[in-house]
Amino acid sequence: MSDMTSSGQMLAADGTPLKTSLARALRRQKLRALALIAPLLLFVVITFIVPIATMLFRSVENQIVSSTMPQAVELLQQWDSATGVAPDEAVYQALYFDLFKAAEAKEHTKLGTRLNYEQTGTSSLFRTSGRKLDDVGELWQDPIEDIAPALKDGETWFAMMSGTGSNTVLEERRALWASLVEEPFAGDVGITISDEIAQMLPLTTAAYADWAIYEAIEDGKDISKRDPWEAVYAGLGLDLRSDATVRAVNAYTGPHAADLQLLTANLDQMPNTMFKDAFAEMDEDWLDPEVWEAIKIYSPNYTSGYFLNAVDMKKGVETAEMRPENQQIYITLFKRTLWMSLVITASCIILGYPVAWLLANLPMRTANVLMILVLLPFWTSLLVRTSAWKVLLQQQGVINEILVWLGFVDDANRLILMNNATGTVIAMTHILMPFMILPLYSVMKTIPPSYLRAAKSLGATNFTAFRRVYFPQSVPGIGAGSILVFILAIGYYITPEIVGGTDGVLISNRIAYHISSSLNWGLAAALGSILLALVMVLYWLYDRIVGIDNVKLGG
Amino acid sequence: MTDLGDDQSFVKFDRVQKSYDGENLVVKDLNLAMPQGEFLTMLGPSGSGKTTCLMMLAGFETATHGEILLDGKPINNIPPHKRGIGMVFQNYALFPHMTVAENLAFPLEVRKLGKSEREAKVKRALDMVQMGDFGGRRPAQLSGGQQQRVALARALVFEPELVLMDEPLGALDKQLREHMQFEITRLAHELGITTVYVTHDQTEALTMSDRVAVFEDGRIQQLAAPDTLYEEPDNSFVAQFIGENNTLEGIVTELKGPDLCTVKLDGGEIIEAKPVNVSAVGDRTRVSIRPERVEMSMDRLQEGAHTLKAEVLEFIYMGDIFRTRLRVAGNEEFVVKTRNAPDQPRLTPGTQIEIGWLPEDCRALDA
Ligand SMILES: Nc1ncnc2c1ncn2[C@@H]1O[C@H](COP(=O)(O)OP(=O)(O)O)[C@@H](O)[C@H]1O
Ligand SMILES: [Mg+2]
Numbered sequence: 001m002s003d004m005t006s007s008g009q010m011l012a013a014d015g016t017p018l019k020t021s022l023a024r025a026l027r028r029q030k031l032r033a034l035a036l037i038a039p040l041l042l043f044v045v046i047t048f049i050v051p052i053a054t055m056l057f058r059s060v061e062n063q064i065v066s067s068t069m070p071q072a073v074e075l076l077q078q079w080d081s082a083t084g085v086a087p088d089e090a091v092y093q094a095l096y097f098d099l100f101k102a103a104e105a106k107e108h109t110k111l112g113t114r115l116n117y118e119q120t121g122t123s124s125l126f127r128t129s130g131r132k133l134d135d136v137g138e139l140w141q142d143p144i145e146d147i148a149p150a151l152k153d154g155e156t157w158f159a160m161m162s163g164t165g166s167n168t169v170l171e172e173r174r175a176l177w178a179s180l181v182e183e184p185f186a187g188d189v190g191i192t193i194s195d196e197i198a199q200m201l202p203l204t205t206a207a208y209a210d211w212a213i214y215e216a217i218e219d220g221k222d223i224s225k226r227d228p229w230e231a232v233y234a235g236l237g238l239d240l241r242s243d244a245t246v247r248a249v250n251a252y253t254g255p256h257a258a259d260l261q262l263l264t265a266n267l268d269q270m271p272n273t274m275f276k277d278a279f280a281e282m283d284e285d286w287l288d289p290e291v292w293e294a295i296k297i298y299s300p301n302y303t304s305g306y307f308l309n310a311v312d313m314k315k316g317v318e319t320a321e322m323r324p325e326n327q328q329i330y331i332t333l334f335k336r337t338l339w340m341s342l343v344i345t346a347s348c349i350i351l352g353y354p355v356a357w358l359l360a361n362l363p364m365r366t367a368n369v370l371m372i373l374v375l376l377p378f379w380t381s382l383l384v385r386t387s388a389w390k391v392l393l394q395q396q397g398v399i400n401e402i403l404v405w406l407g408f409v410d411d412a413n414r415l416i417l418m419n420n421a422t423g424t425v426i427a428m429t430h431i432l433m434p435f436m437i438l439p440l441y442s443v444m445k446t447i448p449p450s451y452l453r454a455a456k457s458l459g460a461t462n463f464t465a466f467r468r469v470y471f472p473q474s475v476p477g478i479g480a481g482s483i484l485v486f487i488l489a490i491g492y493y494i495t496p497e498i499v500g501g502t503d504g505v506l507i508s509n510r511i512a513y514h515i516s517s518s519l520n521w522g523l524a525a526a527l528g529s530i531l532l533a534l535v536m537v538l539y540w541l542y543d544r545i546v547g548i549d550n551v552k553l554g555g
Numbered sequence: 001m002t003d004l005g006d007d008q009s010f011v012k013f014d015r016v017q018k019s020y021d022g023e024n025l026v027v028k029d030l031n032l033a034m035p036q037g038e039f040l041t042m043l044g045p046s047g048s049g050k051t052t053c054l055m056m057l058a059g060f061e062t063a064t065h066g067e068i069l070l071d072g073k074p075i076n077n078i079p080p081h082k083r084g085i086g087m088v089f090q091n092y093a094l095f096p097h098m099t100v101a102e103n104l105a106f107p108l109e110v111r112k113l114g115k116s117e118r119e120a121k122v123k124r125a126l127d128m129v130q131m132g133d134f135g136g137r138r139p140a141q142l143s144g145g146q147q148q149r150v151a152l153a154r155a156l157v158f159e160p161e162l163v164l165m166d167e168p169l170g171a172l173d174k175q176l177r178e179h180m181q182f183e184i185t186r187l188a189h190e191l192g193i194t195t196v197y198v199t200h201d202q203t204e205a206l207t208m209s210d211r212v213a214v215f216e217d218g219r220i221q222q223l224a225a226p227d228t229l230y231e232e233p234d235n236s237f238v239a240q241f242i243g244e245n246n247t248l249e250g251i252v253t254e255l256k257g258p259d260l261c262t263v264k265l266d267g268g269e270i271i272e273a274k275p276v277n278v279s280a281v282g283d284r285t286r287v288s289i290r291p292e293r294v295e296m297s298m299d300r301l302q303e304g305a306h307t308l309k310a311e312v313l314e315f316i317y318m319g320d321i322f323r324t325r326l327r328v329a330g331n332e333e334f335v336v337k338t339r340n341a342p343d344q345p346r347l348t349p350g351t352q353i354e355i356g357w358l359p360e361d362c363r364a365l366d367a
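Heads up: the protein sequence lines correspond to chains A and B, in order. In terms of the UniProt record's numbering, the first sequence has 319 at position 319, counting the first letter as 1, and numbering is strictly consecutive. In terms of the UniProt record's numbering, the second sequence has 263 at position 263, counting the first letter as 1, and numbering is strictly consecutive.
Keep in mind that the hints were calculated from the coordinates and are not lab data. As the structure is a prediction and not an experimental result, all values here were calculated from the model. Ideal placement from N, C-alpha and C gives every residue a C-beta, glycine not left out. Among the hints, a few may not be true.
[What the hints assert, rightly or not] Quick list of simulated restraints, FRET-style, between CB atoms:
#1 A:V409 / B:R111: 46 to 52 Å
#2 A:L42 / B:R137: 41 to 47 Å
#3 B:N91 / A:R467: 20 to 26 Å
#4 A:T446 / B:A120: 58 to 64 Å
#5 B:L176 / A:D543: 55 to 61 Å
#6 A:T446 / B:R111: 26 to 32 Å
#7 A:D543 / B:A120: 50 to 56 Å
#8 A:L42 / B:N91: 43 to 49 Å
#9 A:D543 / B:R111: 34 to 40 Å
#10 B:D201 / A:L22: 42 to 48 Å
#11 B:R137 / A:I402: 54 to 60 Å
Make the full structure from the sequences, and use the hints.
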C-alpha cells in the first residue's frame, strides 16, 4: 500500500512521491526505446525533414543579387524607380567593379539567369556585358602604361601598394569575395597594404585587393610577380579625377611616388569616359529602368517573390499585383490538381469498394487469386503501366476500336481519351487503386460476418443491413484509403506527364519542369511548399470533419 | 422421447441433412419437433453440427435435404429477415457504431414503428435485463456481462416467438454465467417464448432446459428431459458425455428378463445389469454406473447381489463429497463419490475393499 502525505500526494514504499518514482521507472524505458528507434529517427531526419526544410528555405532565399553586386545594390537603394529614368553614374561605376569581379569568377551568368526569371532578356544582358568589361578597363590601362611605363609591371604595383597598415581593406574585400563564391577564401594573400595608399587611392586599393585575393587564393600565385587586372587601372584613373587626390599624390613620398606624379602631370591624356555611356554601348538595355527596377526589387536577401509568382502574382517595389489574365497558370493548375485528385479518389472508392468486399468475403483460395490480381500492378513498372494505358486510350487504341466495332461510337468521332484530363483520371485511378483497396480490405476483414447476420435476423433487408451496419463500419477504411490516394494523386507526376497532354497535367509536372528544365528551383520550392501546406490544411479539415481517429488501416 | 404430431409442433426439423462441401454430411437425418414455449438445448461436442442446425433455422444456411417447418409452414424459401426469429450470437454482434439504445431500436426501426412506441419498447426491454441506465453507452463501454444482457434484450425487443441462442454465455466467467443462466430461463418462461439454445456445457444444458438434444457427429443421440438424460442414457456416448460415468466392458452371458441380465466382464468377474442396448446373449457391451450409485457398504445391497473386489488408488477430499479412485476389474479410472457423512470411512490408498450396486443403476449399453 502507498501512503498519503498531508498534501494528498501518493508516496511509494520508499517514501518518494509516487509520481517521481514512476517517472524514474519510465525514463529508463523511454531511453531504451529511443535508442532502438535512433537509426530510423536519424534516417527520417536526414532524408525527410532536412530536404523539406531546405525546400522551404530555398523558396524564400535570394542572396545571389546582393552577393554578386553588393556595391551597386547598396547605391541603388537611393534610386527611385518611379521616376522612370535610369540611375546615375555612381551606380554604373559600382556596377563595373562588381561585375568585373563576378565575371572573373564566372559568377555573373548565374545572376543573369536568376534575374531572367523576373525580367526576360537579363540573362543575355549579363552574359554579353561580362565579355566586354575588359575593354572598358583598357581605356585607362593603355594611357597609364604609356605615361608611366613602370606601372606595366606587377612588381612595381606590389611595391607601391605594400607598406604598413592594418589591412582592413583587404579583409573587407575578402568578406565580399566569400559571399560571392560561397567559399571562405581564407589564407595568406602575401601583402600588407599601406594605410597611406589606401586612404589616398581608395578605388585603386579596393580593386587591387580584389585582384590580390583572387590571384593568391583562387589561383595560388605569388602576387608580387603578377600584373594586376584592368579594373585596377580603371580604379587608379577614377581616383585621379579628384583634385584632392591629385594634391595628395603630388605631396606623396612613398614607394614609386614618382610614377604616380608622372600621371598627375599628364592628366590631360587620361580618358574622361563615363561608365553609364560605357554600359550603354555594351547593351542599350542597361539604360532600361525596368531592368534596374527588377534588380532593386530582388535585392533583399529574402524575398516573397517566388511565392507571389507561384500564385500568379508579380512582385512590385512595395506592393504585389495579379499578373495579366493570359500569364496566369499556377492557380488554375492548383485548382485542377485538387479537383482531379478528388475525382480520382472518388473513382477509386466507387470501383475499389466492391473489390475489397469480395476480397474480404470470398473463400480463401479465390480471395488469394483476386489479391494477386490487385497486387499485380505493383510488380510492373509504373512507366510500363502508364504506357499500356497509352495503347488502350489513343484514338486508334484498343478501347476506341472496340467501341467502334460494337457500334457505340461512330468511326469519324472516336473518343478522345488521351492527352487530356480524362486520360489522366482513367490512368491514375487504375494506378492508385491498390492504395484504396488494401486499407479497405484490411478494415473489412475485421468486420465479422455475424454483424450482417445479426442485422438480418433483426429484420433488416440485405440493403438495409449493408447501409446501416456494414457500411458505417467500413468508413474508417474509406477514410484511410482516400487520404492515401488523394495525397498520392495531388503530387503525382509520371502518369499525367505521359497521358495528360496539356489539359491533364498537374502542378507536379510544372514543379518538375522548373526543377529540371527552367532550373528555377526557388519557384519549384515555392510551388512545393504551397502543395505541402495545402495537404496539411486538407488533413486538418479532414480531422475536423471526419475525425482522424476514424481512419483505420486494419485491426 | 416425446413425439409430437404436426399439429402441436411449433418448430419441426423433418429429415434434414446438410453438407457444405458436397462430400461430408455435417447434419445427418435430423428429426426434431418442439412445442410452443419449450426451452430446448442442443448439446454436443464442438463440430457436431449444432450451429449449423441453428443457422438453418435462422435462414443463414439452406438445408441440403429435408424440410424445416415453423408454426406448421415450411420456411426453406423465406429469407432470414422475414422469419421474425430473435437471435443471440456467441460474440453478441452488437453494432459497435450504435449506442445500446440504437442497437435495440434497430429492429423496431426496420419494422417502421413510430418513435414513441420505439422508445417505450426499448426502455421496457432494457429494464427487463436491468440495463435501463445504459441506453446511451456504446457496446465497447460495457463489460462482457452487460453486453450479453444487451444482446439478449435486442433479440427480445421485437417480441419474436422463437429465439435462438448460440453459446451466448461462452465468454463469461463462471459466476456470471450461472447468474445469466438463471436470468435467461426466467425471461424465457415469463415471456412464454420458444427457445433453442446451443451449448457444449452439459451443466448449463441440464440446469436450463425443458429438453436436451444431445448431438454427436451430425445426429441427435438422445432427446429427453435432463433427468431422463442423466439417469437413463440411451447409449454409451450419452452416458459418457453427460455427467461423470464409470464404464466396464464385457459380454452378455444371460438375459434374465426385460430388466435384468448378467454380464461377464473382460477380467472374468460376473455382474448384474439392466439391459438397454443389448438384445442377445453374446453381445459385447459397456456397462455404465454413475459414481454416486456405487455402494461400498454391503448392507445396502440386495440379497445375492454380485460384488466386485476393488483396490483404493486415491482418496480426494472435496468438502461436501469424497472422491475415491479405484482399480476395478482392470479399470483404474473407476470413481466412487460418497457423501461426507460422519460414518463414511476415509479410505487410504492400497486398501482392498468390496463394492457393489443395484442392478437397475447399472446399464448395459452398446459397446
Ligand atoms: N461455413 C462452413 N463451411 C464449411 N464447413 C463448415 C462451415 N461451418 C461449419 N462447417 C463444418 O461443419 C461441422 C459442424 O460445424 P458447427 O455446426 O459449427 O458445429 P458446432 O456448432 O456443433 O461446433 C464442422 O466440422 C465444421 O467444420
Ligand atoms: Mg458452434
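Outcome of the hint check:
| no. | hint | result |
| --- | --- | --- |
| 1 | A:V409 / B:R111: 46 to 52 Å | holds (50 Å) |
| 2 | A:L42 / B:R137: 41 to 47 Å | holds (46 Å) |
| 3 | B:N91 / A:R467: 20 to 26 Å | holds (22 Å) |
| 4 | A:T446 / B:A120: 58 to 64 Å | violated (35 Å) |
| 5 | B:L176 / A:D543: 55 to 61 Å | violated (40 Å) |
| 6 | A:T446 / B:R111: 26 to 32 Å | holds (29 Å) |
| 7 | A:D543 / B:A120: 50 to 56 Å | violated (39 Å) |
| 8 | A:L42 / B:N91: 43 to 49 Å | holds (45 Å) |
| 9 | A:D543 / B:R111: 34 to 40 Å | holds (38 Å) |
| 10 | B:D201 / A:L22: 42 to 48 Å | holds (43 Å) |
| 11 | B:R137 / A:I402: 54 to 60 Å | holds (56 Å) |
When the structure is compared with the earlier hints, violations turn up for hints 4, 5, 7 and for no others.
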